[in-house]
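Trainee: Fit chain B to the given chain A structure using the hints.
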Amino acid sequence: GAVVSQHPSRVICKSGTSVKIECRSLDFQATTMFWYRQFPKQSLMLMATSNEGSKATYEQGVEKDKFLINHASLTLSTLTVTSAHPEDSSFYICSANEREGYTDTQYFGPGTRLTVL
Amino acid sequence: KNQVEQSPQSLIILEGKNCTLQCNYTVSPFSNLRWYKQDTGRGPVSLTIMTFSENTKSNGRYTATLDADTKQSSLHITASQLSDSASYICVVYKGAQKLVFGQGTRLTINP
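Those protein sequences? They're chains A and B, same order as listed.
Residue 73 is where the first sequence starts when you use the working numbering, and the numbers rise one by one after that.
Residue 180 is where the second sequence starts when you use the working numbering, and the numbers rise one by one after that.
Note that these hints are calculated values from the structure, not bench results.
Please read all numbers here as calculations on a predicted model, not as lab measurements.
Misleading hints may appear alongside valid ones.
So the derived label-pair ranges between C-beta atoms look like this [claimed, not checked]:
#1 Gly220/B / Leu189/A: 17 to 27 Å
#2 Gly274/B / Gln101/A: 17 to 27 Å
#3 Lys113/A / Ser225/B: 33 to 43 Å
#4 Ala144/A / Gly220/B: 19 to 29 Å
#5 Asn142/A / Ile191/B: 41 to 51 Å
#6 Ala258/B / Leu140/A: 45 to 55 Å
#7 Lys136/A / Lys180/B: 23 to 33 Å
#8 Gln101/A / Ser232/B: 21 to 31 Å
Just so you have them, the derived chain A footprint on chain B, three or more residues with Cβ under 8 Å [said to hold, decoys possible]:
#9 216-229
#10 276-289
Chain B is nowhere near these chain A residues, computed Cβ spacing over 12 Å in every case [claimed, not checked]:
#11 Lys92
#12 Asp99
#13 Thr104
#14 Leu118
#15 Ser126
#16 Lys127
#17 Gln132
#18 Phe139
#19 Leu140
#20 Leu148
#21 Thr154
#22 Pro158
Think of the CB as a built atom: it goes at the ideal place given N, C-alpha and C, for glycine as much as any other residue.
Extracted from the complex, chain A is given alone in its bound form (with noise of 0.2 Å):
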C-alpha cells in the first residue's frame, strides 16, 4: 500500500512557541490531505482538509489562526500550531488521499505526539 510518512514523531516544547509538522506522501501523490487530532481512548476527529494550491477547509470549531495548513505540493502538507499552549497537546495524524479508479482512499501516517509544556 502506499505509504505515509510524518515528522517529527515526537515534540516538546514550551507554552507559546509555534511547532511544525509535516506530511508526506511517499510513493504517490495527494491532491488532498487531511489533518486529524486524536485524544487519549478517543477516535480521530477531523481538524481541516487540505487541498494543494488552495487554502485548507477547516471543520467547525477549529481556529484557522491557530492551526495554519499548508499543501505547497503534490507531496507535502504541513501543519503549523502556532503560540501553542498545554490543551493543543494531542496526538496529531494526518493522511493522504488517493484515487484509484472510482475508490478513495485514505492512508494514514504514523502520527507525531505533541506535548506542551
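Mentor: Structure of chain B alone, referenced to chain A:
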C-alpha cells in the same frame, strides 16, 4: 445522523483464541466500509475494504463481513497473537473523501 457504533468497547482474550468485533452504522451515502488496526502511538492501518455488494473478505487471519441491509459489519480474528493487541476502528467512507469513524474496540491479547 451519520454514526458508526462499535462493540465491545474493549475486549481481553487469551492468545490463540478467536474473537469477533461488531460495527453498526447509519451513514448515507455509503461508499465503502473499512476496518483499520491502530497500534498505540501509531496511525491507523487498513485491514479490509468492503463495498456495498461484498459480504465477506479475508486478509490473513482477519475476516470482515458486511450486511448492507442491516448496516452491520464484523471483524473476526482467528488464532489471535500478542501482536494483535491494538485498537480496531470501523470506518465508513461516505461519498468522496468523507470518513465517519467508530470509537474503536481496544483489544488486548494476553499470553
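Trainee: If a hint holds in the structure, say so; if it does not, say that too.
Mentor: Hints, one by one, checked against the model:
no.: 1; hint: Gly220/B / Leu189/A: 17 to 27 Å; result: holds, 19 Å
no.: 2; hint: Gly274/B / Gln101/A: 17 to 27 Å; result: holds, 22 Å
no.: 3; hint: Lys113/A / Ser225/B: 33 to 43 Å; result: violated, 21 Å
no.: 4; hint: Ala144/A / Gly220/B: 19 to 29 Å; result: holds, 28 Å
no.: 5; hint: Asn142/A / Ile191/B: 41 to 51 Å; result: holds, 43 Å
no.: 6; hint: Ala258/B / Leu140/A: 45 to 55 Å; result: holds, 47 Å
no.: 7; hint: Lys136/A / Lys180/B: 23 to 33 Å; result: holds, 26 Å
no.: 8; hint: Gln101/A / Ser232/B: 21 to 31 Å; result: holds, 30 Å
no.: 9; hint: 216-229; result: holds (count 7)
no.: 10; hint: 276-289; result: holds (count 7)
no.: 11; hint: Lys92; result: holds, 18 Å
no.: 12; hint: Asp99; result: holds, 15 Å
no.: 13; hint: Thr104; result: violated, 6 Å
no.: 14; hint: Leu118; result: violated, 7 Å
no.: 15; hint: Ser126; result: holds, 15 Å
no.: 16; hint: Lys127; result: holds, 17 Å
no.: 17; hint: Gln132; result: holds, 14 Å
no.: 18; hint: Phe139; result: holds, 18 Å
no.: 19; hint: Leu140; result: holds, 21 Å
no.: 20; hint: Leu148; result: holds, 17 Å
no.: 21; hint: Thr154; result: holds, 24 Å
no.: 22; hint: Pro158; result: holds, 19 Å
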